[in-house]
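From first to last, the protein sequence lines are chains Y and Z.
The numbering of the first sequence is my numbering, which starts it at 1 and goes up by one.
The numbering of the second sequence is my numbering, which starts it at 1 and goes up by one.
Just so you know, these hints were derived from the structure itself, not from any lab.
We put the beta carbon where it would ideally sit given N, CA and C, even for glycine.
One thing to keep in mind: the hints can contain errors.
Unchecked claim - Computed cross-link-like contacts, BS3-like style, restricted to lysine-lysine with a CA-CA straight-line distance of at most 30 Å:
| # | chain 1 | residue 1 | chain 2 | residue 2 |
| --- | --- | --- | --- | --- |
| 1 | Y | Lys35 | Z | Lys72 |
| 2 | Y | Lys35 | Z | Lys93 |
| 3 | Y | Lys35 | Z | Lys82 |
| 4 | Y | Lys128 | Y | Lys100 |
Unchecked claim - Under 7 Å between C-beta atoms, here's a sample of chain Z residues computed to sit facing chain Y:
| # | residue |
| --- | --- |
| 5 | Arg20 |
| 6 | Ile22 |
| 7 | Val29 |
Here is how the chains run, residue by residue.
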Amino acid sequence: MKKNPSEAEPGEDRDEGFSLSAPVIMELIEAVHEKGASFRFKAKGYSMTPAIRSNDVITVSPLNDMMPRRGDVLAFRHPERPQMLVHRVLHAMARKYFIKGDNCPEADGWIPAENILGLITKVERQGKARFWPNRSAPSFGSNYYLLFYPLWPPVRRVLVKAWRRLRQASKPGK
Amino acid sequence: MKLTAKAGAVYAPSGDIVAREIEGEIIIVPLTAGIGDAEDDLFSLNETGRAFWKLLDGKKTLAQIARTLAEKYDAPPARIEKDILGLAAELLKRRIINEKKSF
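Extracted from the complex, chain Z is given alone in its bound form (with noise of 0.2 Å):
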């Protein structure tokens, strides 16, 4: 099943990571049966992914994220939520984020 991230939902950094910033990138490492693989499983992300993993806080919407993006980098907002989508897809897939749901 491939998992969509979508515009308008709030996610949030899963419980099950460590995350840490190292040397100007974003180091993710998921912790799998309480283990946090670095041989198989470890993430890395780079300034623009950086940028997004800080806005991440479980409150925003992906199209807000993006909007601020957009407002930092001068860059369309349509093209930057398309970047921040394809990238929110994965971290959904690796289990890194999850969605938070509303109530």
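Next up, chain Y with everything else stripped away, as it sits in the complex (with noise of 0.2 Å):
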């Protein structure tokens, strides 16, 4: 059952562990959550950098009655390819969600309800926890994380953009 990991995506790098394959996932996490648990698993990939990151452990959680709602991160099946995707709600209108992965230039699109797995209800890296707002425990620091991180990618590449023209500046000789 070594196969290629979730959320998997070209040029990536690969685990050497035990690891499942999109497909495999998708579906222990719908028969773990028939029995109302959540699913606990290790991500792969670049597409929520940094509040995801490639080999952090993330728990998926069914969604019962909650509607997603912007800024949940949700994992569910792309409606196009045999994958399953870890994004962002950026907005929610009746039973379908527009998902975008925080570190992606293009948007999913609009995610039919039918297609979400479940909502990313932790995240942890290095054996520990991250913060990671909880819908059972709002709070204001939680929906102000919320909404930053969809706008961290592009604050991210001006830091970076203004921080080598700071270093070109400062080299001897120019």
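Each of the two chains sits in its own frame; use the hints to bring them together as a complex.
Shown next as structure tokens:
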């Protein structure tokens, strides 16, 4: 069962350990959710960096009666490819969600509710739980965090450019 | 404490697991504290393990399962029973199967 990991993207690193293909993970998520439990697995890819990094361990919980809303990070089946993605809701409308990876230049588009596998409720990095806004315990801080994260990739690009220019300018002989 | 499986005992899959046959393998995810953990706790059974799992119905003893598998694979029953006892002990340790008590 050593297969391409979930959320596979071309050119990404592959883990040497026991990893599952996206279709297997999707089937297991659905089976575990049927029992009302959450599913914990290792994420692969860079589309949600820095909120979720490759090899972070994420927990996907069943939505039950919860309606996903802006800022939530969802695991979902891609409507056209046999692929599972973990990306953020930018807009929510009646039973469809406009979703995009924080670190992706393009959005995934409108994803129908039936493709949603669950809500990401926990992220662990190197064995430690990361701060992750949880619907069961909303706070001003978590709302701020949710609004800030989709803005991070363009902000980071501007900061990196500024930093490079600063370094160029400060080099001796220039 | 080391858990040992008994040839004369009857075992059944625990209610706190999810087992799926996917791509020719049985994948077992134990549910601990409401979480199915594919990162630290995933268990996979190969072809022989799969045959054993399918016979684990909470009615047959391990010895009966061993005899059935010995016939199926044309192998010495004693060797099959030894393998099955080892596998059952591992599954018991991980709480994937439970012993069915007869009343």
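Hint-by-hint comparison with the structure:
1. Lys35(Y) x Lys72(Z): violated (34 Å)
2. Lys35(Y) x Lys93(Z): Roughly 22 Å between the alpha carbons, so the hint for Lys35(Y) and Lys93(Z) holds.
3. Lys35(Y) x Lys82(Z): violated (34 Å)
4. Lys128(Y) x Lys100(Y): Holds, because 26 Å separates the two Cα atoms, which is no more than 30 Å.
5. Arg20: Holds. Min distance 5 Å.
6. Ile22: Constraint on Ile22(Z) satisfied, holds at 5 Å.
7. Val29: holds (6 Å)
Hint check: violations occur at hints 1, 3; the rest are consistent with the structure.
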